[in-house]
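Peer 1: Protein chains in written order, with the UniProt record's numbering: chain V, 1 to 305; chain P, 1 to 305; chain X, 1 to 305; chain A, 1 to 305.
Derived from the structure by calculation, the hints contain no laboratory data.
Since we're looking at a predicted model, the values are computed, not measured.
Keep in mind that a hint or two might mislead.
Because identical chains share one entry, a pair is satisfied inside a single copy or across any pair of copies.
Stated by the list, open to error - Dumping the calculated DSS-like pairs for lysine-lysine here, alpha-carbon to alpha-carbon at most 27 Å:
{"no.": "1", "residue 1": "Lys303", "residue 2": "Lys202"}
{"no.": "2", "residue 1": "Lys303", "residue 2": "Lys24"}
{"no.": "3", "residue 1": "Lys277", "residue 2": "Lys295"}
{"no.": "4", "residue 1": "Lys4", "residue 2": "Lys202"}
{"no.": "5", "residue 1": "Lys295", "residue 2": "Lys202"}
{"no.": "6", "residue 1": "Lys23", "residue 2": "Lys4"}
{"no.": "7", "residue 1": "Lys149", "residue 2": "Lys202"}
{"no.": "8", "residue 1": "Lys4", "residue 2": "Lys24"}
{"no.": "9", "residue 1": "Lys149", "residue 2": "Lys303"}
{"no.": "10", "residue 1": "Lys149", "residue 2": "Lys23"}
{"no.": "11", "residue 1": "Lys295", "residue 2": "Lys4"}
There are 4 protein chains.
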Amino acid sequence: MTNKIGFIGLGRMGRPMASNLRKKGFELAVHDIDRQAVDALVALGARAGASIADIARECRIVITMLPTHLEVEAVALGSDGIFANAAPGTILMDMSTIDPLATDRLSAEAGKHGTTMVDAPVGRLAEHADRGESLFMVGASETDFATVKPLLEAMGTAIYHCGPVGTGGRTKLVNNYIAITLCQVNGEALALSQRFGLDITKTLQVLYGTSASNGQLRMNFPNKVLAGDTSPGFTIDLAHKDLSLVVAAAHAARVPMPVAAAVHESFSQARAAEFGKIDFSGIADVVCEIARIEKPRVPEGWKPA
Amino acid sequence: MTNKIGFIGLGRMGRPMASNLRKKGFELAVHDIDRQAVDALVALGARAGASIADIARECRIVITMLPTHLEVEAVALGSDGIFANAAPGTILMDMSTIDPLATDRLSAEAGKHGTTMVDAPVGRLAEHADRGESLFMVGASETDFATVKPLLEAMGTAIYHCGPVGTGGRTKLVNNYIAITLCQVNGEALALSQRFGLDITKTLQVLYGTSASNGQLRMNFPNKVLAGDTSPGFTIDLAHKDLSLVVAAAHAARVPMPVAAAVHESFSQARAAEFGKIDFSGIADVVCEIARIEKPRVPEGWKPA
Amino acid sequence: MTNKIGFIGLGRMGRPMASNLRKKGFELAVHDIDRQAVDALVALGARAGASIADIARECRIVITMLPTHLEVEAVALGSDGIFANAAPGTILMDMSTIDPLATDRLSAEAGKHGTTMVDAPVGRLAEHADRGESLFMVGASETDFATVKPLLEAMGTAIYHCGPVGTGGRTKLVNNYIAITLCQVNGEALALSQRFGLDITKTLQVLYGTSASNGQLRMNFPNKVLAGDTSPGFTIDLAHKDLSLVVAAAHAARVPMPVAAAVHESFSQARAAEFGKIDFSGIADVVCEIARIEKPRVPEGWKPA
Amino acid sequence: MTNKIGFIGLGRMGRPMASNLRKKGFELAVHDIDRQAVDALVALGARAGASIADIARECRIVITMLPTHLEVEAVALGSDGIFANAAPGTILMDMSTIDPLATDRLSAEAGKHGTTMVDAPVGRLAEHADRGESLFMVGASETDFATVKPLLEAMGTAIYHCGPVGTGGRTKLVNNYIAITLCQVNGEALALSQRFGLDITKTLQVLYGTSASNGQLRMNFPNKVLAGDTSPGFTIDLAHKDLSLVVAAAHAARVPMPVAAAVHESFSQARAAEFGKIDFSGIADVVCEIARIEKPRVPEGWKPA
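Pulled out of the complex, with its shape left as it was, chain V reads as follows:
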């Protein structure tokens, strides 16, 4: 076994990540179906792996950065794959964003070969990867996390150990759900602002000064619903009323707002289920209660760092 790192998948994200590893001095064996991508890394001093099996045999850590779970399974499984050819103790660190159930299956398979999985998807954009400023959400055992940490530090600036293997990808899904949804919410809000004839810079200045920035999750939630306090600051009933005004005004102004309507019905259901008098952050509890999910709570006294 050597200190060489395998890196499979040199696309728009994988290539700068591998380059940063190489630039920080890691020995690399790389692979991609795009020969040019491989050549670019070879020019930086990496070795082109002859095959997946070859890379598995000579590296203690193999990184995959691939489009979907199908490609990850294709390189990990089977007689030519990573698990079948790696020495015991080898870590497969998958940095792709894939179905977390596939990660679970891969991890179980890894265990049969004495190898382990780490899932460490990336939380920022390609240009951050270019500058070695990525954010990583890591699911790994404590030991594996310690082993891969220097690699992650060579590629990024924010590294979160979320729990055992599988938690990295799941945290990324929670995160990206919020981030992408915010885009849509902002989009609908700006469309409404436009149709209302508002001056966009004035609207933005107001939004920057209120909880319309998602400071709620940092500022209100930990002290309210996540601490088990749903006493009303602003009730679900009042939130429902405001949404009624929003949707009616949007219809009068001919602005379609599918997400506003979906949220409205969620609050409508909360009202119907007799949660109208609790604080509107308590909608988190309502969602969980209806779906028989344990309510989210932070430890007593916990504060954001």
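Could you slot chains P, X and A onto chain V? The hints should help.
Peer 2: Below, chains P, X and A alone, put in the same frame as chain V:
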């Protein structure tokens, strides 16, 4: 005409607002259907108005803080109402959150009596009002804004002049749409985190470090879509793919996510309409284009203050 | 008091309805803001009412067919309105489609003048009205229903007495919700069929032979969920699985299906709330249970006529 | 090659289907992981296949009736699978409901072995299968359809040849989307009816007499939008207005209606995109236009059989 201020509506918000005006030395004539609420203000030195008409006759500025547009219309219109009894030049400053079309109608009616309207709804919670720390979104002419500003400064700490009458309430609707929707989004995200078995404090720490806080609206939007730049950092196609993973994982974990599904379909429509290759902040443009709304743009070189 | 019928509102629906009354021999006093519409009825032998009050004074039954509750309130209320000028015992039969809460308020007001309300909105299209083939959903006391029935029979072919005043409009809302939603559902389904490259006539032939026609409501529901039987023919879990296939296939084919997604999440919630094993018609019970609504049940042994 | 039929998958649907084949005299070789299910068929005179390969070798037609595409792939592919062991000309008729892209992949694979695929999912319930009254949607070449038709006639009463392989499953998805969505729509409508306090049997009688039964698809669509005629009988604008009344009344009555809200926004978007004046069946065109899908049209003069 005097310098007395009329204040009609002494509920959970109106009462501390009126109290703060009184404490800062404004002469007040107050009215509410709840006699106790009136008495509390009288104890602070306010006068109990004999009737709406009486208040209208003796005050240059009359503030209303009422539940819906029906109550505002009831006090403003008709032979016993504010407009019919106020001296020309009187300002009705409605601080309720009401249908903006009702504000437009009231403003037109005010004009027939030589009076004017200001709409100045409140953007924070009742406990902020208690401490005189409210935020106000004000729709008013420049002259009226200058006249009411000292009152607003007595009741709050953040005062935004959004444009002419009608823009205050409209800005509030845009703002509250986002703020309330964020609650629902956070609720679905936390339910997913719970069902995934994630450690909530670790999930929160990650979310605090990414664009899942709505910093997007401050940090990305003004430089990207709002400046007309939809070149891809993270494409709509990739956002759609991530949402597919989110929704599939949520279903596997039995977490209902109605808002995620609505957002997913919005991105699905954007893809189908051939916007898949632009940046995901460009969803704001897509929403506007499909609905024939002029795309939102900030002036060249504009930066958040 | 005479046998004359008042008819206020001679638009696209009102005009043929009034014409049919006149052709069947009813004496009419008519009113509309459009003079031409009035003239057309006068040419058929109707009298042009001098005013609303005038019509109220001379007719035992006054019909309104107006755009929204605002217009109905404008002609019914106030000192010049129907109630203030009608003889006790007069019936105001509103055939507009309006907010049922407005109907309730109008009915209460009618009672103060010794008059009564009937709400009888129309359930088919303008061309049916032309041919005297409308469908009416009637909310009225037994006595009032008997009084207005001959008029309804002159204008339509299907007359349903739904219960006391207010039930006509409410039944229409339930009905139109389904009818309009079916259009959207059919639209999404046909879009999917198109993108799948299916032969539309073959798809239609299949749909005509299955429960995709809403025969469910006639054939399955009364024997299953509405009789309290939710034992599984086809479970909510299987329905959820099929919807997963639908939405995934639609995404693969780039077909946005917002309603499919909303339905999917409703079934997702039903699964999470542990209703996965009951029959899929039982979703009606689930919706009611979550919203604390009494479950809908037909009397034992009830069969569609 | 023999006339024996292979049947793999003897669950709640497969078992009665295989039984009916056997009762009508077909020779069967069967397989299931549940030994009892196999024994039940053996008792009817079927042979228990030694293995998938064994069945493939001795049958000209092999039927699969399995839970998901994973199980179908497991029996069809690989060196022990159907394709590798079947004689050229063998037909694999998959009657499961699976991802149609999997069917496409399986069909391509079949071709490499000189075999062919038919997809023929089932469109009615298990109790219909018990009685040999199933409905089948069949994707098959003309030749293959002729070959499998006698089998289908032994198991069902309604057999639709939808087009080449892959069209059976796709038609089923279109069909089940509508059928399942109708359940949800009926559920929301009945919840609304309940909260409105309507007599359910009276509501049902009205619904049975109107287009709230999905007769629209049979009666209006072929003459209107599907014939390219979107001249208004009932406009999208009016449909939007009625949905506004529905949703507002539902909120006043505390009935959550997520599907109504989603439909409302779809009509809202159609209005914003300037389709407000066309017939409401034209929503099918709007959905297609926004998503760049060719509009669905039946041949000139086409009538439902």
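Peer 1: Determine for every hint whether it applies to the structure shown.
Peer 2: Here is how each hint holds up against the structure:
Only between protomers do Lys303 and Lys202 lie at most 27 Å apart by alpha-carbon distance; the minimum there is 12 Å, versus 33 Å within a single protomer. Taking the closest pair of Cα atoms, Lys303 and Lys24 never come within 27 Å of each other, the shortest separation being 36 Å inside a single copy and 36 Å across copies. In the homo-oligomer, the alpha carbons of Lys277 and Lys295 lie at most 27 Å apart both inside one protomer (18 Å) and across protomers (25 Å), since each shortest distance falls under that limit. Taking CA atoms no more than 27 Å apart as the test, Lys4 paired with Lys202 passes in neither setting, with 55 Å inside one copy and 31 Å between copies.
In this homomeric assembly, Lys295 and Lys202 come within 27 Å of each other (Cα to Cα) only across copies, at 16 Å, whereas the closest approach inside a single copy is 38 Å. In this homomeric assembly, Lys23 and Lys4 come within 27 Å of each other (Cα to Cα) only inside a single copy, at 14 Å, whereas the closest approach across copies is 66 Å. Proximity of Lys149 to Lys202 under the C-alpha cut-off of 27 Å is restricted to the inter-copy arrangement: shortest distance 17 Å between copies versus 44 Å within a copy. Taking the closest pair of Cα atoms, Lys4 and Lys24 come within 27 Å of each other only inside a single copy of the chain (13 Å); across copies the shortest separation is 67 Å, beyond that limit.
Taking the closest pair of Cα atoms, Lys149 and Lys303 come within 27 Å of each other only inside a single copy of the chain (26 Å); across copies the shortest separation is 37 Å, beyond that limit. Taking the shortest Cα distances, Lys149 and Lys23 sit within 27 Å of each other inside one copy (16 Å), while across copies they are farther apart (59 Å). Taking CA atoms no more than 27 Å apart as the test, Lys295 paired with Lys4 passes in neither setting, with 45 Å inside one copy and 51 Å between copies.
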